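Enquirer: Sequence:
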Amino acid sequence: MPRRTHYRPPTQFSVMPPVIKNLLVLNGLFFIAQFLAAETLASSSILAHVLDLMPLYPPGTAGPDFWPWQLISYAFLHGSFGHLLFNMFALWMFGVQVENRWGSQRFVFFYFACVIGAALTHLAFVSSPVPTVGASGGVYGILLAFGMMFPNQPIYIWFLFPIKAKWLVIGFGALELYSAVTGTQAGVANFAHLGGMVVGFLLIQYWRGKLPVQP
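The sequence shown runs 5 to 219 under my numbering.
Straight-line Cα separation of at most 27 Å, DSSO-like style, residue types lysine-lysine; simulated pairs:
no.: 1; residue 1: K170; residue 2: K25
no.: 2; residue 1: K214; residue 2: K168
no.: 3; residue 1: K170; residue 2: K214
Just the calculated beta-carbon pair ranges, DEER-fashion:
no.: 4; residue 1: G107; residue 2: L51; range: 31 to 37 Å
no.: 5; residue 1: S49; residue 2: A190; range: 30 to 36 Å
no.: 6; residue 1: A178; residue 2: V19; range: 29 to 35 Å
no.: 7; residue 1: P68; residue 2: K170; range: 37 to 43 Å
no.: 8; residue 1: E43; residue 2: F93; range: 21 to 27 Å
no.: 9; residue 1: F17; residue 2: G64; range: 46 to 52 Å
Simulated from the structure, these hints should not be mistaken for laboratory data.
Small disclaimer: the values here were computed from a predicted structure and weren't measured.
Ideal Cβ placement from N, Cα and C applies to all residues, glycine included.
Whenever a hint applies, use it, and build me the whole structure from the sequences.
Expert: Structure representation (structure tokens):
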């Protein structure tokens with residue numbers, strides 16, 4: 005019996021596909037909420053209490069408790085405007101082609117799988133009571149996906165020096181591994197970044213049928 009195939013009609017390339025657009029908007033809104041809670045509202049406000057429950061707190065440490073939703077909610081908060089800007093630019097830069105290739109449903113599943121994987125990896129290797137925030141775990145997963153899907157596409161460092169995507173990904177991965185093991189980047193969740201990349205790699209390999217467990 006011939007194998008049934010599913011035809012997917014070609015769609016127009018979008019420079020702002022829906023998942024990335026919504027993630028940019030949501031992260032921006034949450035950053036504004038953080039600013040309002042810190043600068044203009046009383047620390048006892050409902051908004052401040054809600055935001056206090058969103059960062060990723062290690063279980064069993066002093067301070068706010070760990071809650072399961074923090075495995076996702078931490079990725080919508082950022083420590084500074086520069087932190088937000090870098091993550092959102094990288095998400096857009098590397099995610100546009102990935103979402104256009106995969107479609108929004110697979111892209112959003114992949115992104116949040118990397119976010120959760122990054123959080124679990126951080127909790128497994130880091131015992132610091134300092135809360136963790138930022139979308140970097142998901143962004144590093146998207147970077148990994150871009151490098152695997154478009155390995156030879158040139159990326160321009162500082163808009164001047166071209167490097168193939170696969171080498172950029174390997175370089176970032178090596179830097180994160182070195183920093184995580186040596187602890188040379190204080191205040192940076194290097195294990196979370198690595199976790200996002202590892203989960204992304206395993207998920208892509210699973211979808212490609214290259215793991216012992218087949219899709």
